[in-house]
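J.: For this one, chain X is given, so just place chains H and Y on it according to the hints.
Line by line, the protein sequences give chains X, H and Y. Going left to right, the first sequence walks through residues 630 to 840 as the numbering used here numbers them. Going left to right, the second sequence walks through residues 352 to 741 as the numbering used here numbers them. Going left to right, the third sequence walks through residues 5 to 222 as the numbering used here numbers them.
Rather than coming from a laboratory, the hints here were simulated on the basis of the structure. The structure presented is a predicted model; accordingly, all values stated were derived computationally and were not measured. The reader is advised that the hints may include incorrect statements.
What the hints assert, rightly or not - Once the Cα atoms are required to be at most 30 Å apart in a straight line, the calculated BS3-like pairs of lysine-lysine come out as: (1) Lys410/H x Lys510/H; (2) Lys175/Y x Lys663/H; (3) Lys554/H x Lys73/Y; (4) Lys742/X x Lys618/H; (5) Lys181/Y x Lys832/X; (6) Lys661/H x Lys158/Y; (7) Lys28/Y x Lys544/H; (8) Lys554/H x Lys742/X; (9) Lys181/Y x Lys670/H; (10) Lys422/H x Lys702/X; (11) Lys547/H x Lys28/Y; (12) Lys663/H x Lys637/X; (13) Lys670/H x Lys707/X; (14) Lys670/H x Lys637/X; (15) Lys544/H x Lys832/X; (16) Lys546/H x Lys28/Y; (17) Lys510/H x Lys93/Y; (18) Lys663/H x Lys84/Y; (19) Lys663/H x Lys183/Y; (20) Lys742/X x Lys546/H; (21) Lys716/X x Lys704/X; (22) Lys661/H x Lys181/Y; (23) Lys661/H x Lys637/X; (24) Lys684/X x Lys544/H; (25) Lys177/Y x Lys663/H; (26) Lys410/H x Lys721/H; (27) Lys702/X x Lys670/H; (28) Lys422/H x Lys73/Y; (29) Lys86/Y x Lys73/Y; (30) Lys663/H x Lys197/Y; (31) Lys663/H x Lys181/Y; (32) Lys670/H x Lys706/X; (33) Lys84/Y x Lys832/X.
The residues making up each chain are set out below.
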Amino acid sequence: METLEQIKARLEQALPAAKLDILPNECPAGDRSLLVAPSAGFAVARFLRDDPQLKLDYCSNVTGIDWPPATTKTKVKKKVVVEGVEKEVEETIETQRPGCLEVVYHLYSMALKHGPVVLRMRTQNREDQTHLPSLTPLWRGAEFQEREIYDLYGVLFDGHPDLRRILMWDEFTGFPMRRDYVAPDDFEYEPTPHDKVLELAKKHYPPEVAP
Amino acid sequence: MNPIAEAPPKSFSVKPKLDAEGEPLGELLEVSMGPHHPSTHGVFRMDVVLDGEEVVKLKPVFGYLHRNHEKIAEGISYLSTMPYTDRLDYFCSMTNNWAYALTIEKLAGLAVPERAEYIRVIMAELTRLQNHTCLIGFFAQDMGALGTPMMYAFREREKILDLFESVSGARMMCNYMRFGGVRVDVNDAWLAKAKKVTDEYGKFLDEFDAFLTANEILLARTQGVGVLTGDLAVNAAITGPMLRAAGVNYDLRKVDKYGIYGRFDFKVPVGAHGDIYDRYMVRVLEMRESIKILQQALRDIPAGPFMDPKAKLRGFRPKPGEVYGRVEGPKGELGFYVISDGSPNPYRYRVRPPSFINLTILEDMCLGHKISDAVVILGSVDIVLGEVDR
Amino acid sequence: MLGEQIIRGMAVTARNFFGSYVSKERLTTVQYPEERLEQCGNTRQFPMLIYDEDPEKGLRCVACTICEKECPPQCIYIVKSKDKKPDYKGQPQLYPAIFDIDVSVCMSCSICVEVCPFESIKMNTEFELSTDDRFEGLLLHKSDLAKSNEYYRKVHPDDARESDAVLAAEKAKAEAKAKAAAEAKAAAEAKAKAAAAAPLTAPAATPAATPPPPTAGK
Numbered sequence: 630m631e632t633l634e635q636i637k638a639r640l641e642q643a644l645p646a647a648k649l650d651i652l653p654n655e656c657p658a659g660d661r662s663l664l665v666a667p668s669a670g671f672a673v674a675r676f677l678r679d680d681p682q683l684k685l686d687y688c689s690n691v692t693g694i695d696w697p698p699a700t701t702k703t704k705v706k707k708k709v710v711v712e713g714v715e716k717e718v719e720e721t722i723e724t725q726r727p728g729c730l731e732v733v734y735h736l737y738s739m740a741l742k743h744g745p746v747v748l749r750m751r752t753q754n755r756e757d758q759t760h761l762p763s764l765t766p767l768w769r770g771a772e773f774q775e776r777e778i779y780d781l782y783g784v785l786f787d788g789h790p791d792l793r794r795i796l797m798w799d800e801f802t803g804f805p806m807r808r809d810y811v812a813p814d815d816f817e818y819e820p821t822p823h824d825k826v827l828e829l830a831k832k833h834y835p836p837e838v839a840p
Numbered sequence: 352m353n354p355i356a357e358a359p360p361k362s363f364s365v366k367p368k369l370d371a372e373g374e375p376l377g378e379l380l381e382v383s384m385g386p387h388h389p390s391t392h393g394v395f396r397m398d399v400v401l402d403g404e405e406v407v408k409l410k411p412v413f414g415y416l417h418r419n420h421e422k423i424a425e426g427i428s429y430l431s432t433m434p435y436t437d438r439l440d441y442f443c444s445m446t447n448n449w450a451y452a453l454t455i456e457k458l459a460g461l462a463v464p465e466r467a468e469y470i471r472v473i474m475a476e477l478t479r480l481q482n483h484t485c486l487i488g489f490f491a492q493d494m495g496a497l498g499t500p501m502m503y504a505f506r507e508r509e510k511i512l513d514l515f516e517s518v519s520g521a522r523m524m525c526n527y528m529r530f531g532g533v534r535v536d537v538n539d540a541w542l543a544k545a546k547k548v549t550d551e552y553g554k555f556l557d558e559f560d561a562f563l564t565a566n567e568i569l570l571a572r573t574q575g576v577g578v579l580t581g582d583l584a585v586n587a588a589i590t591g592p593m594l595r596a597a598g599v600n601y602d603l604r605k606v607d608k609y610g611i612y613g614r615f616d617f618k619v620p621v622g623a624h625g626d627i628y629d630r631y632m633v634r635v636l637e638m639r640e641s642i643k644i645l646q647q648a649l650r651d652i653p654a655g656p657f658m659d660p661k662a663k664l665r666g667f668r669p670k671p672g673e674v675y676g677r678v679e680g681p682k683g684e685l686g687f688y689v690i691s692d693g694s695p696n697p698y699r700y701r702v703r704p705p706s707f708i709n710l711t712i713l714e715d716m717c718l719g720h721k722i723s724d725a726v727v728i729l730g731s732v733d734i735v736l737g738e739v740d741r
Numbered sequence: 005m006l007g008e009q010i011i012r013g014m015a016v017t018a019r020n021f022f023g024s025y026v027s028k029e030r031l032t033t034v035q036y037p038e039e040r041l042e043q044c045g046n047t048r049q050f051p052m053l054i055y056d057e058d059p060e061k062g063l064r065c066v067a068c069t070i071c072e073k074e075c076p077p078q079c080i081y082i083v084k085s086k087d088k089k090p091d092y093k094g095q096p097q098l099y100p101a102i103f104d105i106d107v108s109v110c111m112s113c114s115i116c117v118e119v120c121p122f123e124s125i126k127m128n129t130e131f132e133l134s135t136d137d138r139f140e141g142l143l144l145h146k147s148d149l150a151k152s153n154e155y156y157r158k159v160h161p162d163d164a165r166e167s168d169a170v171l172a173a174e175k176a177k178a179e180a181k182a183k184a185a186a187e188a189k190a191a192a193e194a195k196a197k198a199a200a201a202a203p204l205t206a207p208a209a210t211p212a213a214t215p216p217p218p219t220a221g222k
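Chain X with its partners taken away, still in its complex shape (with noise of 0.2 Å):
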């Protein structure tokens, strides 16, 4: 299979409004991951499908992430001119990276026998715009699992036939994956309660029956 700069070049070729670029993994092992506007996020998929060098039939998984905002601090070495004397100094710099969900697919091709192409796609933020367009017409393996990620990340999948809960109950509220998902603490009562499963019961029970 051809490396992923020379897919991404004929893409570009293909669909100049496509915003594309290529994530690296710092682990050795695992593929390096190329990230699409959400715009043209249709369109890409449609073409790896089609295209008969890659033939990418096989969309073996679909994952949810979350990303919740959160600062990167790195420290960086700079030379500073103090009274006179170059002297370098470590400065902290303090990156901001923006909430938002990830929906990462792993491409296969069945024809071919090779892959995979891992296809990135982010969502503006976590609260409002979580809308992604729908791979399903394109792969129909995907149904199931894009309605996984509706149901327990929140990202409204565009296009899909059927998008509605799957693993949770129809009325259920809430998206349990994120990871500032707090669980509801009335539970039944817990015969080893300790340190924080303590004091959640103490809170729910009145004193002279918590355990």
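T.: Just chains H and Y now, with coordinates in the frame of chain X:
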């Protein structure tokens, strides 16, 4: 344009059949083959809309066994997730363990000694044998054989589970693989016992074949029923014996050659029609191929260490990065996608469950057949709810 | 002939059915609980704590809480003691004042056994723990969990032999170290005594025969 995938689902608006005057012939009956049902292989529900006896709409509903395995794994260390992977597809715990160990070894760059690789292949093929045996038993029971083939299947399966118990301490929840090898070594007595079980398995399969394969009732109920074409199977990401019965030759043991599968001489059975009978026969033939692989592995297993000496049990922190590792489980492609951020717990841990994805085309296969066929079709998909719901 | 294969299948069933009266291979069930199948030597059910002679003084556990931290479903609860007691090597160690395992949560993965550095928690083979007390019945305390080393040898003979060998090796190493330390100390004391006695007997000793400084014989 791909006409299969981009056509809208057939069953969304269903109306009853009309008679000569254009009046509806009756009402549609909606049945919930509810979660407590002896034939649904676990807590699985199918909302079926029937026109007489014919299925016109089928929606699978699951999530009754959802235990948020993926979120638990984000809170505990990598080693502690290993016993939880046993409980995903609870019939094939050795395969689940191997898939997870393979993924983490890829992530951390650990090497596995050769003896451990042979042990892993032996365990995986024994798992495939007992899973397919068990499945044929359930499959015959779904058709009404009321337990006799199932009991014979379980009798043979117990011999394999005894082997698992004597090496790892537990029949099904083995928790046996570790990152960099296996937990304990197999001794010569165990290898001799495994060889005996493998050699006698062929005789049991012959008896089972005489019992079921040419049985007229089985043929009448399974040939031509639940047909799945190769194109739809590939597009719907079906893997495992279902895919191979539909005519597509894609077996990860031959494509990826993970572990040391490149050294073994075995064939991959591929079906021609894609109906239930082909899936049954593909599994029977796969069992015979597994016996071949087992005999080769038991003959060639070398002496040596069973665990990478540099691997650590406690305080294991792989470097940041992400990796997707997959194996050919008895039910299909079992994949693990792990993102590490350098801490002792994974940042994101995802299981790619074959049974969950194989259920995508359950409706397509069942439409137009009778409700009793729907039960048999579900049995041939081979689902385990522990994996579907995680 | 239609139905021939069905008749052949019935012949297989008949062979199994009548065979179960004569051959043990075909009859694979036992009348539990009057008869029991022999448990495999390696089987693991729920954890137990090992003690050497006395359940209180000989308990091997030193409350390091490694098993509590590594347990995947967090079913172990340990409270360390305030005082210390001597262990099998003679060194004073902490011991657990409270050691609870909730066996309704325990999943018998035996990770606690793998990470224990003191050979003190092992897997038991008893599985008939059902009780009608929904709340406290499945919470095992230190007194329920403590089992003697003889019992361990009976249920897991091979593992017990290995465990005893590891402990014996540790004890031998500690004793050898203590002996070497004692010998070095005695040699240093003897040298110091000889040097202290030397100036009284040989006043015309050469300046080179100055008493050596007392070395720390630890």
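J.: All the hints need checking, so say for each whether the structure fits it.
T.: Status of each hint after checking the structure:
1. A hinted pair counts as satisfied when its Cα atoms are at most 30 Å apart, and Lys410/H with Lys510/H does not qualify at roughly 38 Å.
2. Proximity of Lys175/Y to Lys663/H is assessed by CA-CA distance (about 25 Å); at most 30 Å being required, the pair is judged to hold.
3. With a C-alpha separation of about 48 Å, the suggested pair Lys554/H and Lys73/Y falls outside the 30 Å cut-off, and the hint is violated.
4. Using a Cα cut-off of 30 Å, the hinted pair Lys742/X and Lys618/H holds, with the two alpha carbons roughly 17 Å apart.
5. Taking the CA atoms of Lys181/Y and Lys832/X, the gap is about 54 Å. The hint is violated against a cut of 30 Å.
6. A C-alpha spacing of about 34 Å is found between Lys661/H and Lys158/Y, which places the hinted pair above 30 Å, so the restraint is violated.
7. A distance of roughly 18 Å separates the Cα atoms of Lys28/Y and Lys544/H; the hinted pair therefore holds under the 30 Å criterion.
8. Among the hinted pairs, Lys554/H with Lys742/X is inconsistent with the structure: their alpha-carbon atoms are about 36 Å apart, more than 30 Å.
9. Under the criterion of a C-alpha separation no larger than 30 Å, the hint pairing Lys181/Y with Lys670/H is inconsistent with the structure, at around 40 Å.
10. For the given pair, Lys422/H sits about 27 Å from Lys702/X by alpha-carbon distance, which is consistent with the 30 Å threshold.
11. Restraint check: the Cα-Cα separation between Lys547/H and Lys28/Y comes to about 17 Å, which is no more than 30 Å; the hinted pair holds.
12. Distance restraint check for Lys663/H and Lys637/X: the Cα-Cα separation of roughly 40 Å exceeds the 30 Å cut-off, and the hinted pair is therefore not satisfied.
13. Between Lys670/H and Lys707/X the CA atoms are separated by roughly 27 Å; this keeps the pair inside 30 Å, and the hint holds.
14. Note on Lys670/H and Lys637/X: the hinted pairing holds, with a Cα-Cα distance of about 27 Å set against a maximum of 30 Å.
15. For the suggested pair Lys544/H and Lys832/X, the alpha carbons sit about 57 Å apart, so the restraint of at most 30 Å is broken.
16. The suggested pairing of Lys546/H with Lys28/Y holds, with an alpha-carbon distance near 21 Å, which does not exceed 30 Å.
17. Our distance criterion of 30 Å between C-alpha atoms is broken by Lys510/H and Lys93/Y, whose separation comes to about 44 Å.
18. Only pairs whose Cα atoms come within 30 Å are accepted, and Lys663/H paired with Lys84/Y is accepted, the gap being roughly 27 Å.
19. At most 30 Å may separate the alpha-carbon atoms for a hinted pair to count; Lys663/H and Lys183/Y exceed this at roughly 33 Å.
20. Distance check on the hinted pair: Lys742/X and Lys546/H sit about 34 Å apart at the alpha-carbon level, beyond 30 Å; violated.
21. Between Lys716/X and Lys704/X the alpha-carbon distance is near 16 Å, which keeps this suggested pair within the 30 Å criterion.
22. At most 30 Å may separate the alpha-carbon atoms for a hinted pair to count; Lys661/H and Lys181/Y meet this at roughly 28 Å.
23. Restraint check for Lys661/H and Lys637/X: the C-alpha separation of about 39 Å exceeds 30 Å, so the hint is violated.
24. The suggested pairing of Lys684/X with Lys544/H is violated, with an alpha-carbon distance near 46 Å, which exceeds 30 Å.
25. With a C-alpha separation of about 25 Å, the suggested pair Lys177/Y and Lys663/H falls inside the 30 Å cut-off, and the hint holds.
26. Note on Lys410/H and Lys721/H: the hinted pairing holds, with a Cα-Cα distance of about 15 Å set against a maximum of 30 Å.
27. A C-alpha spacing of about 18 Å is found between Lys702/X and Lys670/H, which places the hinted pair at or below 30 Å, so the restraint holds.
28. Between the alpha carbons of Lys422/H and Lys73/Y the distance comes to roughly 18 Å, so the proposed pair stays at or under 30 Å and holds.
29. A distance of roughly 20 Å separates the Cα atoms of Lys86/Y and Lys73/Y; the hinted pair therefore holds under the 30 Å criterion.
30. This hinted pair does not check out: Lys663/H and Lys197/Y have alpha carbons roughly 51 Å apart, beyond 30 Å.
31. For the suggested pair Lys663/H and Lys181/Y, the alpha carbons sit about 28 Å apart, so the restraint of at most 30 Å is met.
32. Among the hinted pairs, Lys670/H with Lys706/X is consistent with the structure: their alpha-carbon atoms are about 24 Å apart, no more than 30 Å.
33. A threshold of 30 Å between alpha carbons decides the hint, and for Lys84/Y with Lys832/X the separation of about 27 Å falls inside it, so the pair holds.
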